[in-house]
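Protein chains in written order, with the numbering used here: chain A, 1 to 379; chain B, 1001 to 1143.
Do not take every clue at face value.
To be verified - In the EDC-like style, the derived pairs of lysine to aspartate or glutamate whose C-alpha atoms are separated by at most 16 Å in a straight line are: (1) K152/A x D40/A; (2) K152/A x D1010/B; (3) K298/A x D249/A; (4) K152/A x D1054/B; (5) K14/A x E300/A; (6) K173/A x D313/A.
Hint data in this document are derived by calculation from the structure and do not stem from the laboratory.
Chain residues, written in single-letter form:
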Amino acid sequence: MTAIAGVGYTPFTKDSGVSTLTLACRAVLAALEDAGLTADDVDGLATHRVGDSAPPTLVGPALGLTDLAWHLDQFGGGSVSHAVVGQAALAVAAGLAETVVCYRAINARSEFRMGGTGRGVPASPEVQYQAPYGYVAPPQQYAMYARAHMLKYGTKAEHFGHLAVTQRANAAKNPRALMRTPITLDDYLASRWIAEPFRLLDCCLETDGACAVVVTTAERARSLRRPPVLISAAAWGGGTSHLSAPDADPTVTAAAALAPRLYAQAGLGPEDVDVAEIYDCFTYSVIVQLEDYGFCAKGEGGPYVASGATALDGPLPVNTHGGFLSEGYVHGVNHIAEAVSQLRGDAGDRQVPGAEVALSTAQPGYILPATSALILRRS
Amino acid sequence: MAYRPEPDRDSREWWERIARHEFAVQRCDICGTTRFPARAFCPACRSEAWHWQDVEPEGRVESWIVNHQAFVPGRRQPYVVVMVRLAAVPGCLVYGNWHGERPPEPGERVRASFDRIDETLTLVNWTPAGSLDPHPHQRTSFR
């Protein structure tokens, strides 16, 4: 059994003023400090990136770690954020390494904006069938899938809006969050169009920052400073692409295939999840995953959110930190760290009382054809 | 032109056919499954044997977006991108700009519009199947 023994953050800003290498080192050291460890205890480093950050082969030497027993530099977007921690857990379970720090450092506002300025179009053969039509960026792609869901199931703008409002309310209780001023449904509806049906408040923030988690054995974690959080299940897989979809249905994500494996590994089901930190690059991403992870019936994600089910005092609090929409965008790792915080019971004003089981998910496979997820448990 | 497609070794011939206003998909020689975009293996039976098959350049509107900012340089906003389910390959979703005087309708039948950019490049956009494109030279917000 493996566990997460510590979490660490840099501040979330619009301009860090430092390199991603510096951000990565700061987050790694902060996570080690949280666990009561030092860099001398580290024998593994892992990250995911899309050519926009510092790999373990730079972060290791920068911290004086010249003989890492295991490292992983995973190319990929948010689809693989949780797979990185899963693979670190495998390395620890296999005895290849004892203490692996998984991090993501990103200057996503001041340097390389996702799908925006500062970088070229991705090197994928699928791009030639999209970019000539001015169709290149994640908000466009997600808006396209969101409308397909609206047309098929009657999902409404107000459903997306409820989610944005709920997550902002959570962020208001999170000192780390970039956006803490509460918003109303009217504010949502009045925000400017980005790519219809998406408005500005459907879209995640662009953030400079870093976040890290320490993966080690459950046994060792129990001897450290913080209450350990067990990695109860880690799964990855599924797949779609922009040019095809599972069962030819663009309203079904890779999570639908992955979820049964994930729950079986943990020996529990969606009804056992106390808190869910769900990849929210856009509002719709949460709504479709609530369906595909089995919290409501297919097509009911919008009404489920609008019922208040995902609010802090609802049956399934979702994105208690505010998520990418309001806390900041650290490409999935801040969702894992928030799940850890909730299970340790140190989430402050936004603590879900008695949370024992948390689900945290990656990008559900619309952009890169794969997804990944973790189920974490209080020890 | 903001972005020029870069054909690869699998797709080059498809683009050459499009430049001749021929709309083709691959059909597996072994199991008959059609596929798009071009690639070597049949995902149904894993055969590498295939041939091009001309098909009607038709489909149905699965979704669309109205872009209100310049996601690529040189675009005039707003512009519409449609997601079209190809009639010839039902599991396949393709994209293009919308050539219509009105917004698309869900499930609407559409036909390809072959829009010549220059000698070697033609792009496929989509127009309502019930109408001929009234302004074939006014490529919607293409430049």
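Against the structure, the hints:
1. Pair hint K152/A plus D40/A does not hold up; C-alpha atoms about 54 Å apart against a cutoff of 16 Å.
2. Restraint check: the Cα-Cα separation between K152/A and D1010/B comes to about 34 Å, which exceeds 16 Å; the hinted pair is violated.
3. Taking the CA atoms of K298/A and D249/A, the gap is about 12 Å. The hint holds against a cut of 16 Å.
4. Restraint check for K152/A and D1054/B: the C-alpha separation of about 31 Å exceeds 16 Å, so the hint is violated.
5. At most 16 Å may separate the alpha-carbon atoms for a hinted pair to count; K14/A and E300/A exceed this at roughly 35 Å.
6. Distance restraint check for K173/A and D313/A: the Cα-Cα separation of roughly 13 Å lies within the 16 Å cut-off, and the hinted pair is therefore satisfied.
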